[in-house]
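K.L.:
Sequence:
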Amino acid sequence: MEQRIRIEDYLIYEAALLDEWRLEEWHKLFTEDCRYLVPNLTGDPYAPPNKTLYLIADDSHHLAERVKRLGKKTAHSEQPRSRTRRLISNVRILENNPERLKVQCGFSTYRTSHGITDIYFGRHEYSLIPDGDSWKIDEKRTILDMGALRPHGRLSIIV
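Take the sequence shown: its position 12, counted from the start at 1, is 11 in numbering that gives the first Met the number 0, and no numbers get skipped.
Hints were generated in silico from the structure; no laboratory data involved. A hint or two may mislead.
[What the hints assert, rightly or not] 25 Å max Cα-Cα, derived PhoX-like pairs, lysine-lysine:
no.	residue 1	residue 2
1	27	71
2	27	135
3	50	101
4	101	135
5	101	27
6	67	135
7	67	27
[What the hints assert, rightly or not] Estimated spans, in silico, between C-beta atoms of each pair:
no.	residue 1	residue 2	range
8	19	68	17 to 27 Å
9	132	42	17 to 27 Å
10	116	11	16 to 26 Å
11	48	120	14 to 24 Å
12	142	59	18 to 28 Å
13	113	2	14 to 24 Å
14	68	120	36 to 46 Å
15	113	1	35 to 45 Å
Remember, predicted model here, so these are calculated numbers, not experimental data. Glycine is no exception: its CB is placed at the ideal position from the N, C-alpha and C atoms.
Let the sequences and hints guide you as you build the complete structure.
P.N.:
Structure, rendered in structure tokens:
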């Protein structure tokens, strides 16, 4: 039970970094060979990214570029920056061994931009590698439970 609470705190911390637009700090939570995946809304969410369309399929380099791009004033889709609030729930440890944890949680992300509030929801699936008293994110897969991105039309924030 204590480990689940520590993991839940870690996931809430990750969400807070994103809500506060502390993207560089957020990126440091990931391993150097990480993957950040957001599968398309239809089809198999576990199909390999090289075999199907993904909304986001970033390795560490591409994730660093995404963080850098969103931090610039030229990121027009995020100027002014969206206000977001991420809620994490139903944290479960799916696999627990000394080398790796597999964790799943539900999420809701509320995003307000230009007076319009959008809601993204689904589940995050993490592969966490022990790192001292904490963990590093080796893989984060965000599976959206929405039928479509409408009325959003795009995904300009990190879910």
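K.L.:
Would you check the hint for residue 101 and residue 135, treating anything up to 25 Å between C-alpha atoms as holding?
P.N.:
holds (12 Å)
K.L.:
Mind checking the alpha carbons of residue 67 and residue 135 for me, to see if they're no more than 25 Å apart?
P.N.:
Answer holds: residue 67 to residue 135 is near 20 Å, not above 25 Å.
K.L.:
Keeping to a limit of 25 Å between CA atoms, is the pair of residue 27 and residue 135 held or broken?
P.N.:
holds (8 Å)
K.L.:
Would the hint linking residue 27 and residue 71 be met if the CA-CA limit is 25 Å?
P.N.:
It holds: about 18 Å lies between the C-alpha atoms, which stays within 25 Å.
K.L.:
Taking 14 to 24 Å as the hint, is the beta-carbon distance of residue 48 and residue 120 inside that range?
P.N.:
Distance hint for residue 48, residue 120 holds at roughly 22 Å.
K.L.:
So if I understand the rule, the pair passes when the alpha-carbon distance is 25 Å or less; does residue 67 with residue 27 pass?
P.N.:
Holds. Residue 67 to residue 27 sits at ~13 Å (cutoff 25 Å).
K.L.:
Mind checking the hinted window 18 to 28 Å against the Cβ distance between residue 142 and residue 59?
P.N.:
Holds, since residue 142 and residue 59 (Cβ atoms, about 21 Å apart) stay within the stated range.
K.L.:
Run the distance test for residue 101 versus residue 27: straight-line Cα separation, threshold 25 Å.
P.N.:
With Cα atoms ~19 Å apart, residue 101 and residue 27 stay inside 25 Å; holds.
K.L.:
Take the C-beta atom of residue 68 and the C-beta atom of residue 120, compute their distance, and say whether it sits inside 36 to 46 Å.
P.N.:
violated (25 Å)
K.L.:
I want to verify a distance hint. Is the separation of the beta carbons of residue 132 and residue 42 within 17 to 27 Å?
P.N.:
This hint is violated: roughly 39 Å between Cβ atoms.
K.L.:
Given the hint that residue 50 pairs with residue 101, test it: the Cα-Cα distance must not exceed 25 Å.
P.N.:
Given pair residue 50, residue 101 holds - Cα atoms ~24 Å apart, limit 25 Å.
K.L.:
Is the hinted range of 16 to 26 Å satisfied by the C-beta distance from residue 116 to residue 11?
P.N.:
holds (21 Å)
Of the numbered hints listed earlier, those contradicted by the structure are 9, 13, 14.
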